[in-house]
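Its first residue numbered -18, the sequence shown is counted upward by one per residue in the numbering used here.
No wet-lab data here; the hints were simulated from the structure.
Watch out, some of these pointers could steer you wrong.
[To be verified] The calculated DSS-like cross-link candidates involving lysine-lysine, where the alpha carbons are at most 27 Å apart (straight line), are:
1. 188 <-> 126
2. 126 <-> 65
3. 160 <-> 126
All figures in this text were calculated on a predicted structure; none of them were measured in a lab.
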Amino acid sequence: ATMPTVPRRSFLLAACAACARAAIVPPGPNVAASTASTTSISVAAMRRRFGAAAAQRPLFRAPLTALRALSGGATDAAASGNTKQEVAARKLAAIREQMQANGVDALIVPSGDAHLSEYVHPHYERRAFISGFTGSAGTALITHKAALLWTDGRYFLQAEQELGADWTLMRQGQPDVPKLHEYLVEHLADGAAVGIDPYVHSVNDAKTLEEAFTNSNRNLRLVPLQGENLVDRVWSSDLA
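Please put together the full structure from these sequences, using the hints given.
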């Protein structure tokens, strides 16, 4: 008999699920029953095996999400009774608290990782986490009053479907849609500070922002944030 063809993505997800199941299910008399159903794998089990802090890391959440998708299980938001909009609002509130604590008026969250890759490991999908938009290309901007996402024409429809009511889609390259640095110069108050993670921004992007700020004569400042990425701090608070 001819074996059915399995899409490569499905195979990888299945392999991810198997690895996560082997690593996460805690030892004990119920192991056989637990491994028989992917829905039995929970954040609680991860906490028992790896500790509370490790269970919240994106690296651990990614295989858990894949497992639940394969098993048809509910997402964390649905299981806890939170709507998608409620979770999105909580994320924005949490990141704005971090911005306030770090003295920045705006935060730029690009898609790339430290290698500036367009396609990144789920551990580094910070822009997707904070905005809800899962396309490979896009840049999020969060201020204390607004949340915006720039992306190109490949993803306009997807972004419209995935972004919540608190987000504004900036259709990159369309007439009358300002570029990110143009928007910042036009809308931020004099002397505002714009935070970036210097490890995930290119030198050229930083120079573009600095030149725009200098030419505006409004004392706008680009602030390379040190320490843990601000989105990672929010991501660790179980808002996924």
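Going down the list of hints, with the structure as the test:
1. 188 <-> 126: Holds. Residue 188 to residue 126 sits at ~25 Å (cutoff 27 Å).
2. 126 <-> 65: holds (20 Å)
3. 160 <-> 126: holds (18 Å)
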